[in-house]
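Make the full structure from the sequences, and use the hints.
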Amino acid sequence: MKFQTTRIRRVFQPLMVTVSVETSSAGSSGLLQTYDDVSGEYIPDRTLSPLVLTPLVYAACKDGSWENGIANKNIANIKWYYTEGDSSTVKDAEAYSLLTVTRNQSDTNGQAVMVQNLPMGSRIQLWFTGILPDTRTGENIVVTSDRLILATTENVKGELSISVDGETNIVYVPVLDPLFLYEWAVAHGKAEYNSMVYGQALSDPESYMRHVPFRIQYASETLTSGDIFNACTVKIQEKTQQGGYTDVATGGRLVSVSKSEAVFDLRLIGSWSCYVALVYDGAVIGRVLLSFGRKYPAFDVRAINRAPITDGEIRRDRALVTVNAGKILFYLNYNDYNAYIDCCEALINLVWYTRTQYGERRHNCGQEAKLDLSREVIGKAPSGGWVDVSIDAEYHGVQNIATDGGVVLTDGGEQLII
Amino acid sequence: MYYLLAPKQTATMYGFGINTHRCVRNNIVLNEIEVMASSALSGDIRSRAELLKATLYGSATEIKDRIDTNS
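The listed protein sequences derive, respectively, from chains R and B.
Residue numbers for the first sequence follow the numbering used here, beginning at 12 and rising by one.
Residue numbers for the second sequence follow the numbering used here, beginning at 379 and rising by one.
For the record, the hints were derived by calculation from the structure and aren't laboratory data.
Derived CB-CB ranges, DEER-like:
#: 1; chain 1: R; residue 1: T111; chain 2: B; residue 2: R424; range: 31 to 37 Å
#: 2; chain 1: R; residue 1: T113; chain 2: B; residue 2: S417; range: 25 to 31 Å
#: 3; chain 1: R; residue 1: A294; chain 2: B; residue 2: R424; range: 34 to 40 Å
#: 4; chain 1: R; residue 1: T100; chain 2: B; residue 2: R444; range: 39 to 45 Å
#: 5; chain 1: B; residue 1: S425; chain 2: R; residue 2: V184; range: 28 to 34 Å
#: 6; chain 1: R; residue 1: Q252; chain 2: B; residue 2: G421; range: 46 to 52 Å
#: 7; chain 1: R; residue 1: P216; chain 2: B; residue 2: T388; range: 28 to 34 Å
#: 8; chain 1: B; residue 1: N397; chain 2: R; residue 2: G262; range: 41 to 47 Å
#: 9; chain 1: B; residue 1: T388; chain 2: R; residue 2: R373; range: 57 to 63 Å
#: 10; chain 1: R; residue 1: K270; chain 2: B; residue 2: N397; range: 39 to 45 Å
#: 11; chain 1: R; residue 1: G262; chain 2: B; residue 2: T388; range: 49 to 55 Å
Only a predicted model underlies this, so the values are computations on that prediction, with no experimental measurement involved.
Glycine included, each C-beta is placed from N, C-alpha and C at the ideal position.
Structure (structure tokens):
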């Protein structure tokens, strides 16, 4: 009697690594300072309230060969770097005494403390790099964070001023965006359009359509009408390489701007900074810096068809994606916790691979795989009868407006195609 | 901007970390932004200072003078 033996081999799946920086000083406002030129004080003053930046490196592997979780203690050679203004010269933040860095064998490994106030009008970009040794394979994985923008804004003195009502450091978490997920689900026939659900998603504080409210003040009075208010305009500006300012046009990243708020499309924004400028009588009276960034929570991907294989089979596999987005486990595939069904493709690029003893083959992208095993040489011998199915997965990055030869594409109306 | 000098014991009870703040003897320095942003506290800055058993200072200069005198 012959027996078919299925050989099981150890193949280490690649580590999925997520890198971010936690700001633990006075909330996110710790990245931005203002300078009061009358009192000569920085707000906040970092000599009193230091800016503390903690690297957060999460490494996970779906085959159980790695202890999933925060991997800070394993990171070697952590270095913090920065650039000043629009300069491309990269400097070592420790060597230039901008930061002090703690290196230890705990989750605070690489924590940086900044006690310096940045001079008024200055802006720096700050990030860290390190090496995560994959002890299973002997490979070194270089980890690099997104760039944080630190700035001290100009505070043009006068009776007339503008301020932002809320966060000036805006962080977009695509996984938590119900508007993006709902639109994607409707566009792909996975959810029925419902104006009430759409309205709720549109007004959700995590949605990509981000409203940033302003307040124009004369002395201590908030203006909403009157001659002075009517003579004011508000513009969104970017700094130029020459050190000046240029207006940001509406359409694309900036959806609209009025005297009471600006609306940004965060799908099109990664790491970016701009200014809210108050213009009175043709002159800019004051500017407030807005800083944008993104956060990508760690995720896990598994192929959920574990049935045995036979030669020539058309095998259908499906990816189960789970994202730990904070307090709840956010199942992107199932309708738990009011999440939307089958949305993981909207956020995560999934590419399917098979591997036999004869080599690796790339298959289709997407949440479902149709694997034609007749194209594989699986092998009949007891030592060769196996196929590894793996999924390469990474977050989609910043999106772009679709164009054709420079012509911006729309849905036939005013809606841009992203 | 207000600054507070709060005992470590009460500050940690309300979620402020010792490792992420400047310490002065048995106290830590908190600023108005983070105190007002704390959901563990309520009321205006004076009420929050009372809950923290903290001394309230009206400016960075004021608290710096105090810290310099005591350190």
